[in-house]
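S.K.: These protein sequence lines map, in sequence, to chains U and S.
Just so you know, the first sequence maps onto residues 12 to 181 in the numbering used here.
Just so you know, the second sequence maps onto residues 319 to 595 in the numbering used here.
For the record, the hints were derived by calculation from the structure and aren't laboratory data.
Any given hint might turn out to be false.
[Stated by the list, open to error] Every beta carbon over 10 Å from chain S, so not counted as near; a handful from chain U, in silico: (1) 16; (2) 129; (3) 168.
[To be verified] The calculated label-pair distances, taken between Cβ atoms and stated as ranges, are: (4) S:508 x U:27: 31 to 39 Å; (5) U:18 x S:399: 34 to 42 Å; (6) S:535 x U:134: 38 to 46 Å; (7) U:18 x S:561: 56 to 64 Å; (8) S:561 x U:23: 38 to 46 Å; (9) U:136 x S:329: 49 to 57 Å; (10) S:568 x U:41: 17 to 25 Å; (11) S:586 x U:161: 36 to 44 Å; (12) S:337 x U:42: 31 to 39 Å; (13) S:462 x U:136: 28 to 36 Å.
We put the beta carbon where it would ideally sit given N, CA and C, even for glycine.
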Amino acid sequence: MSPASRPARVATLLLLALVLQHSLLVDVRVAGVSPDLLLLVAIGGGIVGGRERGAVVGFAAGLVADLLAQTPFGLSSLTFGLVGYGVGTLQAGVLRLTWWIPLLTGMAATAAGVMMYALLGALLGQGYLLRPELAGLAAVVGLLNAGLVPVVVRATGWALSAGPDQAFAR
Amino acid sequence: MAVYRRSSRPRFTLLLVVLTSITLLTLDQRGSGFGVVGTVRDAARDAFAPVQDAADAVFSPVGDFVQGALRYGEVEDENGRLRAQLAEREGELLRARDGRREQRALLDQQDLSFVDDVPTVASRVVQRSDARFGQTIELDRGRDAGVAPGMPVVTGAGLVGRVVDASGRRSTVLLVTDPTSNVGVRFSLSGDVGVAAGRGRGSSLRVDLVEPSSVVARGEILVTSGLEHSAFPPGIPVAQVRAFTATTGALQQDVTAEPVADLARLGVVKVLQWSGR
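Sequences and hints are given; from them, build the entire structure.
M.R.: As structure tokens, then:
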């Protein structure tokens with residue numbers, strides 16, 4: 012049986028992440044915030060596939076997140092795309108050295124992504140996203156996401172593994 | 319030359335991602351949420367609703383378990399507090415009946431009407447927003463059930479917020495505690511008016527535009543003012559005055575009030591099918 016094409020695998024992963032985010036993870040609240048699984052998939056794309064795939068997977072994950080968000084459409088795809096690219100740039104240098112570096116990267120990149128999301132949102136007129144407790148909330152989301160890094164990196168690795176379709180991203 | 323092309327490809331991809339995102343943002347802004355992007359979002363929301371319901375049924379026991387484990391200490395403290403409150407409430411029950419009669423009489427005197435005659439849509443709260451994205455809840459009823467943006471949402475205790483977005487099967491409600499929420503209110507005793515503004519999760523409301531000469535009482539109920547062009551019908555209880563200070567020379571009093579509806583534990587709410595006068 013031939014392996015599923017890469018876009019189909021990525022689409023499956025994103026749909027699964029969306030369902031889990033809005034059913035299971037939405038109930039996992041610490042200080043009012045939940046893990047952000049779709050942002051973590053973008054980070055996983057950067058860790059596993061490098062900057063180009065990180066940007067593409069991040070953009071796709073952001074689009075899916077935007078579908079059910081109340082914020083401007085395109086804000087998540089822009090933020091997640093940039094985060095995926097940034098993590099992918101780091102991946103070329105240090106990410107594969109030891110097991111804990113992806114964990115730390117997942118935590119820091121999540122916190123950075125949450126801050127960037129609020130900042131870009133504020134620039135687009137959503138000033139309420141820039142709240143005084145934002146840095147604390149970003150740190151909590153980062154910690155929650157760090158716990159999910161091993162599973163998400165493995166799942167993203169499966170989604171981006173070589174299939175018959177090479178056109179998706181290299 | 320070949321090396322240059324290869325290294326520039328990721329940057330070109332990033333540029334494409336950024337430009338596409340900006341295009342989507344522009345389309346969304348131009349349509350103000352109701353254009354092509356709004357239609358796609360509504361369709362996605364409705365298509366996802368049954369998936370979410372099914373996944374909820376499967377995962378809610380797991381979510382409850384995790385949530386219970388994370389909040390074990392808090393839940394134990396809360397149990398103690400609730401036991402003490404229960405004993406207190408039993409004693410207050412008779413007094414409350416009398417108070418309700420008194421409140422009704424006060425509102426009648428001010429020519430305010432309750433909203434008993436407005437048709438309602440009972441809805442279940444299916445999701446609460448993450449603390450990063452403001453204070454909203456999602457309901458399991460949408461346009462198909464007669465819910466539309468602008469409609470007030472209440473519990474038996476009082477005002478919860480108003481609908482800000484509705485697809486066929488889902489709707490989003492902005493809570494009165496959201497920092498962007500402003501509700502025109504009337505003090506039930508003095509009849510003076512003000513604006514109750516949200517200050518975020520777990521915080522009391524700040525009541526603005528209360529004149530220094532106004533007589534405010536601690537525990538006084540604030541109800542929706544229902545003034546012309548108000549977003550809410552008159553007479554819905556909103557909050558109870560918790561504290562107030564009148565500083566000499568200030569243009570208004572500093573008044574804070576606690577929402578009467580328990581916004582942290584919303585299960586079923588009612589959407590009032592009221593769309594202004």
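S.K.: Does each hint hold? Answer for all of them.
M.R.: Each hint, compared with the structure:
At the 10 Å boundary, the C-beta of residue 16 of chain U stays outside the reach of chain S, the nearest C-beta of that chain being 19 Å off. The beta carbon of residue 129 of chain U is not kept farther than 10 Å from every beta carbon of chain S, the shortest such distance being approximately 7 Å. At roughly 19 Å from the closest C-beta of chain S, the C-beta of residue 168 of chain U stays outside 10 Å, upholding its exclusion from the interface. Distance hint check: the CB atoms of residue 508 of chain S and residue 27 of chain U are about 57 Å apart, inconsistent with the given range 31 to 39 Å.
Our hint of 34 to 42 Å for residue 18 of chain U and residue 399 of chain S is violated, since their Cβ atoms are close to 53 Å apart. Between residue 535 of chain S and residue 134 of chain U the CB atoms are about 44 Å apart, so this pair conforms to the stated range of 38 to 46 Å. The hinted window of 56 to 64 Å between residue 18 of chain U and residue 561 of chain S holds, with their beta carbons roughly 58 Å apart. Separation of residue 561 of chain S from residue 23 of chain U is about 54 Å and departs from the stated range, judged on CB atoms against 38 to 46 Å.
In this structure the supplied range 49 to 57 Å is violated for residue 136 of chain U paired with residue 329 of chain S, their Cβ-Cβ distance being about 29 Å. For residue 568 of chain S and residue 41 of chain U, the Cβ-Cβ distance of about 39 Å falls outside the hinted range of 17 to 25 Å, so the restraint is violated. A hinted range of 36 to 44 Å for the beta carbons of residue 586 of chain S and residue 161 of chain U is consistent with their spacing of about 39 Å. Checked against the hint of 31 to 39 Å, the C-beta distance between residue 337 of chain S and residue 42 of chain U comes to roughly 36 Å, which is consistent with it.
The hinted window of 28 to 36 Å between residue 462 of chain S and residue 136 of chain U holds, with their beta carbons roughly 30 Å apart.
The structure fails hints 2, 4, 5, 8, 9, 10 (numbered hints given earlier, in ascending order).
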